Amino acid sequence: MNPDAVKEKLASRFGPDTIEVEMFRDQVIVNVPCQKIVNICQFLRDDPEMKFDFLSFVGGVDRMPESPRFELVYQLYSTGSSERLRIKTRATQDEDGAASIDSVYCVWPSADWHERETAEMFGIVFNNHPDPRNLLLPDEWTIHPLRKDFPLMGSDQDTPDLSK
Amino acid sequence: MSQVTSKIPEVKSELMELNLGPHHPSTHGVFRAVVELDGEIVVNVIPYLGYLHRGFEKTCENKKYHQVIPLTERCDYMGASSNSLVYSMCVEKLLDVTIPERAQVIRVIMAELSRIFSHLFWLGTHGHDVGAMTPLFYMLREREEIMNLFELTSGGRLMPNYIRIGGLAQDLEEGFVDRLKAFCDHFDRRVDEYETLLTKNIIYIDRTKNVGFLSLEDAIALGASGPMVRASGLKWDIRKSSPYCGYENYDFDVPVQYGCDIYSRYLVRVQEMRESNRILKQALTRIPEGPIRAKECGKIFPDQQDIYTKMEALIHHFMLVIQGVALPKGEYYQCIESPRGELGCYIISDGTSNPFRLKWRAPAFVNLQTLAPMSRGCLFADLIAILSSVDIVLAEVDR
Chain A
1 MNPDAVKEKL
11 ASRFGPDTIE
21 VEMFRDQVIV
31 NVPCQKIVNI
41 CQFLRDDPEM
51 KFDFLSFVGG
61 VDRMPESPRF
71 ELVYQLYSTG
81 SSERLRIKTR
91 ATQDEDGAAS
101 IDSVYCVWPS
111 ADWHERETAE
121 MFGIVFNNHP
131 DPRNLLLPDE
141 WTIHPLRKDF
151 PLMGSDQDTP
161 DLSK
Chain B
165 MSQVTSKIPE
175 VKSELMELNL
185 GPHHPSTHGV
195 FRAVVELDGE
205 IVVNVIPYLG
215 YLHRGFEKTC
225 ENKKYHQVIP
235 LTERCDYMGA
245 SSNSLVYSMC
255 VEKLLDVTIP
265 ERAQVIRVIM
275 AELSRIFSHL
285 FWLGTHGHDV
295 GAMTPLFYML
305 REREEIMNLF
315 ELTSGGRLMP
325 NYIRIGGLAQ
335 DLEEGFVDRL
345 KAFCDHFDRR
355 VDEYETLLTK
365 NIIYIDRTKN
375 VGFLSLEDAI
385 ALGASGPMVR
395 ASGLKWDIRK
405 SSPYCGYENY
415 DFDVPVQYGC
425 DIYSRYLVRV
435 QEMRESNRIL
445 KQALTRIPEG
455 PIRAKECGKI
465 FPDQQDIYTK
475 MEALIHHFML
485 VIQGVALPKG
495 EYYQCIESPR
505 GELGCYIISD
515 GTSNPFRLKW
525 RAPAFVNLQT
535 LAPMSRGCLF
545 ADLIAILSSV
555 DIVLAEVDR
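Note that the protein sequences, when read in sequence, are chains A and B. Heads up: the first sequence is residues 1 to 164, going by my numbering. Heads up: the second sequence is residues 165 to 563, going by my numbering.
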């Protein structure tokens with residue numbers, strides 16, 4: 001996929017200052033503002049030249065101590081053209097450190113479990129998600145293990161050893 | 165004579181919630197689902213995951229790159245070599261090293277053997293789930309032979325841990341090629357035999373045809389990949405659409421079915437075993453001589469023989485064990501066609517010798533999302549067949 005074509009296409013639709021496109025090892029990475037994430041995803045799915053109809057995964061990255069702290073990664077695939085594209089954005093963060101971003105469930109229903117997993121692992125709220133329960137962790141856990149400041153071996157208070 | 169009164173009490177109807185699992189033979193691991201039933205009709209399925217969650221991604225972030233390989237194989241233990249393959253390829257891409265031809269061919273052999281291995285076990289247990297006891301015993305016979313082949317490569321029967329960053333752990337054992345040849349020669353006839361058990365079996369067809377319907381549109385929207393989406397009519401195989409390991413040089417077909425049901429998934433997987441065997445036969449004729457690991461000082465482990473005889477090799481080996489290999493800053497997403505679909509590994513490197521972030525795109529995890537949409541409106545007994553047709557490995561779903 002040609003990075004300049006992607007940049008031009010997205011810039012003409014969403015404004016030139018907002019989109020940054022980079023290329024690493026032949027893979028195209030698009031950095032977008034998180035306020036427009038749903039619109040951009042919708043556009044990438046429906047535009048006849050893009051047609052990214054398949055979402056491979058949604059993942060989170062903890063960039064502590066940077067601010068805003070949490071990065072979100074969307075890996076897309078087009079079943080028609082076999083092209084791949086990666087979108088990255090930073091979740092908005094308020095003064096208390098709570099991060100949130102709009103859910104892309106309405107664009108790709110496959111985002112459902114990926115977003116639930118990312119939400120519990122990093123403590124990011126996905127707005128408008130239809131089912132924001134914990135997926136892999138117990139319901140009563142309020143910890144976020146994939147954050148960089150969470151200890152690798154867990155803590156006695158938050159992740160008690162059930163066998164004791 | 166007294167009047168006989170026959171007053172029929174008012175029929176009460178309410179949904180029943182039934183708990184399935186987490187320990188149940190049909191869930192193939194520890195998977196729990198709460199099923200809402202209206203009589204025998206499934207109204208909704210709510211899956212509960214996480215019983216096998218062991219923090220794979222967090223663990224990886226705290227390991228050196230070469231220490232991650234055994235962990236990856238424990239995600240999908242049914243197609244173990246596919247996991248170490250995708251991980252190694254992702255790291256190699258970030259390191260920017262090329263793999264010798266001999267290693268590439270042997271990697272293809274390992275990947276295809278693990279595909280047959282996984283499909284065989286799926287076929288056996290799937291038959292078992294719908295009431296056919298015999299297939300499992302047939303499948304385990306060939307599966308045993310593949311395990312023997314795995315054992316020959318590196319000692320591990322289920323998870324060989326044979327593919328390493330930069331190539332392979334060691335060269336092929338003497339006799340491996342001959343035994344694999346013998347396996348390939350008789351395997352096609354064995355598949356014929358399996359098909360006599362199920363393909364035209366009227367009971368099996370009744371249980372599976374037009375059950376578990378998943379339209380192509382839904383399959384793509386829900387992120388289904390591999391045999392799941394090929395049984396719904398999309399001819400998409402990553403070995404063809406973006407070839408790796410030299411798959412573009414092999415002659416094989418991508419089986420597609422249009423029934424969108426369990427029976428189609430069965431047909432696709434059976435045909436895939438035949439195609440894998442075709443690839444294996446071709447690979448056997450083209451294993452070249454040469455090294456089995458890239459020679460990149462300070463990046464890839466040197467050969468065992470060199471460590472014993474050469475000072476530099478010993479130093480490099482020591483440094484790699486103690487410090488690991490520092491990958492250049494950057495990120496890469498590598499995906500391959502695993503037995504279950506798009507298996508992906510996304511690594512962000514911050515320039516140190518541990519992955520800054522490793523995201524595992526497990527195909528079974530994504531495919532399992534189709535369970536609820538497929539099961540609504542089906543009979544409860546069909547739910548078991550549908551769950552089985554997704555081909556889940558819980559270790560991969562929960563990671």
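The set of hints was computed from the structure by calculation and includes no laboratory data. Computed from a prediction, not measured in an experiment: that's the story for all the values here. Incorrect hints may appear among the rest.
Unchecked claim - Simulated DEER-style distance windows between Cβ atoms:
| id | chain 1 | residue 1 | chain 2 | residue 2 | range |
| --- | --- | --- | --- | --- | --- |
| 1 | A | 95 | B | 178 | 34 to 40 Å |
| 2 | A | 81 | B | 176 | 31 to 37 Å |
| 3 | B | 445 | A | 66 | 41 to 47 Å |
As the list claims (entries may be wrong) - If you want the footprint, here are the derived chain A segments under chain B, 3+ residues with CB under 8 Å:
| id | segment |
| --- | --- |
| 4 | 19-27 |
| 5 | 44-53 |
Unchecked claim - Think about it this way: if two alpha-carbon atoms lie no more than 20 Å apart in a straight line, the pair counts; the simulated SDA-like pairs of lysine to any residue are:
| id | chain 1 | residue 1 | chain 2 | residue 2 |
| --- | --- | --- | --- | --- |
| 6 | A | 51 | B | 223 |
| 7 | A | 148 | A | 53 |
| 8 | B | 404 | A | 53 |
| 9 | B | 222 | A | 155 |
| 10 | A | 148 | B | 404 |
Heads up, the beta-carbon is just placed ideally off N, CA and C, and yes, glycines get one too.
Cross-check of the supplied hints:
1. In this structure the supplied range 34 to 40 Å is violated for residue 95 of chain A paired with residue 178 of chain B, their Cβ-Cβ distance being about 48 Å.
2. A beta carbon spacing of about 55 Å between residue 81 of chain A and residue 176 of chain B contradicts the range 31 to 37 Å that was offered as a hint.
3. The beta-carbon spacing between residue 445 of chain B and residue 66 of chain A, approximately 53 Å, falls outside the hinted interval of 41 to 47 Å.
4. Taking a C-beta to C-beta cut-off of 8 Å, the segment 19-27 of chain A contributes 3 residues in contact with chain B, enough for the three needed, and the coverage statement holds.
5. Look at the segment 44-53 of chain A against chain B: 1 of its residues bring a Cβ nearer than 8 Å to a Cβ of that chain, fewer than three, so the hint is violated.
6. Restraint check for residue 51 of chain A and residue 223 of chain B: the C-alpha separation of about 36 Å exceeds 20 Å, so the hint is violated.
7. Taken as a hint, the residue 148 of chain A and residue 53 of chain A pair is broken in the structure, with Cα atoms around 32 Å apart against an allowance of 20 Å.
8. For the given pair, residue 404 of chain B sits about 19 Å from residue 53 of chain A by alpha-carbon distance, which is consistent with the 20 Å threshold.
9. Between residue 222 of chain B and residue 155 of chain A the CA atoms are separated by roughly 15 Å; this keeps the pair inside 20 Å, and the hint holds.
10. The suggested pairing of residue 148 of chain A with residue 404 of chain B is violated, with an alpha-carbon distance near 38 Å, which exceeds 20 Å.
The structure fails to meet hints 1, 2, 3, 5, 6, 7 and 10 from the earlier list, while all remaining hints are met.
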